[in-house]
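**Q** Residue strings, one per chain:
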Amino acid sequence: MRDNKNIDRLFQENLKDFEVFPPNRIWGKIEKNLPSNSRKNRFPRWFKIASVAAMLLLLFGIGTIYLLPKDSLAITFFSKTPEKELIITNEESIELDTKNEVVQKTEKKNQKNPLKNILDAKIKINDIEKLADNTIGKTNINKKLVSQYQLSDTKNLPLTKTRDNVNLKNLQTGRFTVATIYAPIYLNSFGDGSSISSQFEDSPISGNNSYSYGVKLAYQLSNKFSVQSGVNLISLGYTANNIYIAPGVSAIGYADLSSNPFEGPSSLEDKKGVNLSSKTENNIGSLNQVFGYVEIPVELKYNVTNGKFGVNLVGGFSTLLLNRNEVYVETNSFTQSLGEANNLRSINFSGNIGIDVDYSINKNLYLNISPMFKVQTNTFSKNSGSALPYYLGVYTGLNYNF
Amino acid sequence: MELNKLVKQCANNNRKAQKEIYQLFAGKLFSICLKYSKNKQEAQDNFQDGFITIFNKIGQFKFKGSFEGWIKRVMVNTVLLKYRSRRVLNIVTEEIPDEVVVNIDDDEVSLDFLLNLIRELPERYRLVFNMYVLDGYSHKEISKMLQIAEGTSKSNLARARVILKQKIENHQQQQQSI
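Which chain is which? The protein sequence lines are D and P, in order. Numbered continuously in the working numbering, the first sequence closes out at residue 402. Numbered continuously in the working numbering, the second sequence closes out at residue 178.
These aren't lab readings, by the way, just hints derived from the structure by calculation. Honestly, I wouldn't trust all of these hints.
[What the hints assert, rightly or not] Cross-link-like lysine-lysine pairs, in silico, DSBU-like; alpha carbons within 35 Å at most: (1) D:Lys-5 - P:Lys-16; (2) P:Lys-154 - D:Lys-16; (3) P:Lys-167 - D:Lys-363; (4) P:Lys-40 - P:Lys-57; (5) P:Lys-57 - P:Lys-72; (6) P:Lys-154 - P:Lys-19; (7) P:Lys-8 - D:Lys-29; (8) P:Lys-57 - D:Lys-5; (9) P:Lys-57 - P:Lys-165; (10) D:Lys-32 - P:Lys-82; (11) P:Lys-165 - P:Lys-62; (12) P:Lys-19 - D:Lys-5; (13) P:Lys-165 - D:Lys-32; (14) P:Lys-140 - P:Lys-16; (15) P:Lys-72 - P:Lys-82; (16) D:Lys-5 - D:Lys-32; (17) P:Lys-144 - D:Lys-32; (18) P:Lys-8 - D:Lys-5; (19) P:Lys-19 - P:Lys-62; (20) P:Lys-8 - P:Lys-165; (21) P:Lys-144 - D:Lys-29; (22) P:Lys-16 - D:Lys-32; (23) P:Lys-57 - D:Lys-308; (24) P:Lys-28 - P:Lys-154; (25) D:Lys-48 - D:Lys-32; (26) P:Lys-62 - P:Lys-8; (27) P:Lys-19 - P:Lys-57; (28) D:Lys-48 - P:Lys-40; (29) P:Lys-154 - D:Lys-32; (30) P:Lys-167 - D:Lys-224; (31) P:Lys-19 - D:Lys-16; (32) P:Lys-82 - P:Lys-28; (33) P:Lys-5 - P:Lys-140; (34) D:Lys-29 - D:Lys-5; (35) P:Lys-165 - D:Lys-29; (36) D:Lys-363 - P:Lys-82; (37) D:Lys-32 - P:Lys-167; (38) P:Lys-62 - P:Lys-38.
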């Protein structure tokens with residue numbers, strides 16, 4: 001039988017006990033999207049910081065073994081930082097745990113026996129202070145109470161209090177910065193002479209322009225100082241000009257080349273054909289050397305001015321690990337690989353100095369441009385002429401501060 | 001209480017506890033999704049997203065009020081979040097009837113039929129009708145959750161009722177003509 005029925009009630013009554021189970025497979029999908037392990041994911045932030053710290057430690061380790069004198073500035077700075085962090089965590093946790101308890105305790109004690117022992121007397125003084133400093137916010141008072149209560153035995157009060165303040169200030173700004181780096185490199189060399197063979201010592205040498213890219217990581221030590229490190233890939237090239245190419249002669253072996261290209265199947269003739277044998281100026285060519293490094297810089301940055309535009313001085317050194325090594329001749333008409341140079345050291349260093357100008361986009365993000373001058377040391381093991389390679393790189397990057 | 005213990009374990013990402021909570025509430029929450037979503041596929045997607053949100057936020061549950069209320073609210077909010085961003089063209093309402101009655105025999109309609117009617121409603125009408133009529137939210141709450149004016153919520157509800165009534169009557173006519 002039909003009734004007039006309120007439409008709301010019709011739906012409410014019919015859907016009251018409506019319950020449908022989802023398909024079984026859905027749990028699997030949900031499970032996939034949940035963090036995999038409770039232990040692993042509990043302190044992701046700690047893991048990040050710890051890994052960054054470990055990386056810095058490693059880089060400093062490498063650096064100090066090879067270059068730095070024992071009590072250098074960087075080491076003293078670095079050894080201080082873990083200490084600071086410890087203090088922060090300790091005091092913070094104590095503060096959190098005991099803040100409420102302490103306040104309660106002190107209140108209770110005051111009620112029961114106001115002037116019984118020294119501790120209580122001190123607490124009372126604190127309370128008076130508390131009353132006097134009405135303008136200070138509640139949390140500040142609590143903090144003060146905590147630190148005084150804790151230190152009533154050791155009487156070290158002023159020292160830790162100031163330390164606490166400093167640490168809190170430091171905590172507020174992000175200490176780590178990551179950045180992407182790209183830099184055009186202008187390469188040249190002090191002194192003349194090719195590193196390939198002393199035979200070419202008189203030839204004019206020019207550096208090829210190149211580029212470098214990588215990532216940078218910086219850690220702020222104090223208001224003024226920060227250390228930065230990272231990994232860059234860099235490829236460098238030198239050209240020795242005005243070298244006579246003598247295709248007919250096959251017996252010359254250059255001491256510092258791994259293979260002897262002129263002995264092989266005479267590809268020179270293939271390309272040049274008949275003209276090769278006749279001596280023309282075509283046979284003047286250049287000897288090119290290209291080598292690439294993985295660069296691990298460790299640099300100390302000193303902040304000169306702050307604000308929207310910041311100016312910093314940067315100094316440090318880089319460890320360079322050889323990862324590319326190639327030599328070839330080039331004339332107007334052909335190019336021929338000569339194999340590898342075997343007088344390049346697989347590890348060498350550069351001294352770095354430069355300035356760094358940064359422009360902040362917002363609180364955490366800033367751009368920087370940093371012309372750096374880097375002089376390489378012990379690049380070559382022997383026969384390097386008087387060449388002391390240096391390069392000028394204009395390092396640009398996008399930095400993220402956290 | 002057993003449930004509170006489970007909730008705490010879930011907050012620590014204990015997989016076993018999470019599965020238990022899932023099994024306890026899957027039925028109720030999936031039916032919410034079926035009511036609020038346009039079709040079954042979207043209901044499943046919303047249900048999945050909602051449960052992930054629940055487990056991510058379970059640490060925020062303060063053990064005040066019922067856990068079931070909390071978990072349902074999170075689920076509803078997840079669904080709303082999806083549909084809220086889609087703007088509905090607001091039809092100017094002529095008159096708002098306070099009560100809509102339909103002349104019907106209880107055996108005439110099935111649960112599935114009613115559920116389909118709800119799903120066929122335009123997005124906003126569907127959400128408002130569900131929230132107000134079936135889940136007991138007030139117009140004030142709805143206006144906050146959907147970020148619309150209270151008046152809009154009321155007129156949406158009225159329009160939804162009218163549409164539902166028409167559809168039921170159309171259905172009755174079809175049945176009679178057969």
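**Q** Please go over all the hints and tell whether each is borne out by the structure.
**A** Structure-based check of each hint:
no.: 1; hint: D:Lys-5 - P:Lys-16; verdict: violated (46 Å)
no.: 2; hint: P:Lys-154 - D:Lys-16; verdict: holds (22 Å)
no.: 3; hint: P:Lys-167 - D:Lys-363; verdict: violated (57 Å)
no.: 4; hint: P:Lys-40 - P:Lys-57; verdict: holds (25 Å)
no.: 5; hint: P:Lys-57 - P:Lys-72; verdict: holds (13 Å)
no.: 6; hint: P:Lys-154 - P:Lys-19; verdict: violated (39 Å)
no.: 7; hint: P:Lys-8 - D:Lys-29; verdict: holds (22 Å)
no.: 8; hint: P:Lys-57 - D:Lys-5; verdict: violated (41 Å)
no.: 9; hint: P:Lys-57 - P:Lys-165; verdict: violated (39 Å)
no.: 10; hint: D:Lys-32 - P:Lys-82; verdict: holds (21 Å)
no.: 11; hint: P:Lys-165 - P:Lys-62; verdict: violated (42 Å)
no.: 12; hint: P:Lys-19 - D:Lys-5; verdict: violated (41 Å)
no.: 13; hint: P:Lys-165 - D:Lys-32; verdict: violated (43 Å)
no.: 14; hint: P:Lys-140 - P:Lys-16; verdict: violated (38 Å)
no.: 15; hint: P:Lys-72 - P:Lys-82; verdict: holds (16 Å)
no.: 16; hint: D:Lys-5 - D:Lys-32; verdict: violated (47 Å)
no.: 17; hint: P:Lys-144 - D:Lys-32; verdict: holds (33 Å)
no.: 18; hint: P:Lys-8 - D:Lys-5; verdict: violated (45 Å)
no.: 19; hint: P:Lys-19 - P:Lys-62; verdict: holds (21 Å)
no.: 20; hint: P:Lys-8 - P:Lys-165; verdict: violated (46 Å)
no.: 21; hint: P:Lys-144 - D:Lys-29; verdict: holds (31 Å)
no.: 22; hint: P:Lys-16 - D:Lys-32; verdict: holds (14 Å)
no.: 23; hint: P:Lys-57 - D:Lys-308; verdict: violated (38 Å)
no.: 24; hint: P:Lys-28 - P:Lys-154; verdict: holds (26 Å)
no.: 25; hint: D:Lys-48 - D:Lys-32; verdict: holds (23 Å)
no.: 26; hint: P:Lys-62 - P:Lys-8; verdict: holds (10 Å)
no.: 27; hint: P:Lys-19 - P:Lys-57; verdict: holds (16 Å)
no.: 28; hint: D:Lys-48 - P:Lys-40; verdict: violated (41 Å)
no.: 29; hint: P:Lys-154 - D:Lys-32; verdict: violated (40 Å)
no.: 30; hint: P:Lys-167 - D:Lys-224; verdict: violated (74 Å)
no.: 31; hint: P:Lys-19 - D:Lys-16; verdict: holds (26 Å)
no.: 32; hint: P:Lys-82 - P:Lys-28; verdict: holds (20 Å)
no.: 33; hint: P:Lys-5 - P:Lys-140; verdict: holds (34 Å)
no.: 34; hint: D:Lys-29 - D:Lys-5; verdict: violated (42 Å)
no.: 35; hint: P:Lys-165 - D:Lys-29; verdict: violated (39 Å)
no.: 36; hint: D:Lys-363 - P:Lys-82; verdict: holds (31 Å)
no.: 37; hint: D:Lys-32 - P:Lys-167; verdict: violated (41 Å)
no.: 38; hint: P:Lys-62 - P:Lys-38; verdict: holds (32 Å)
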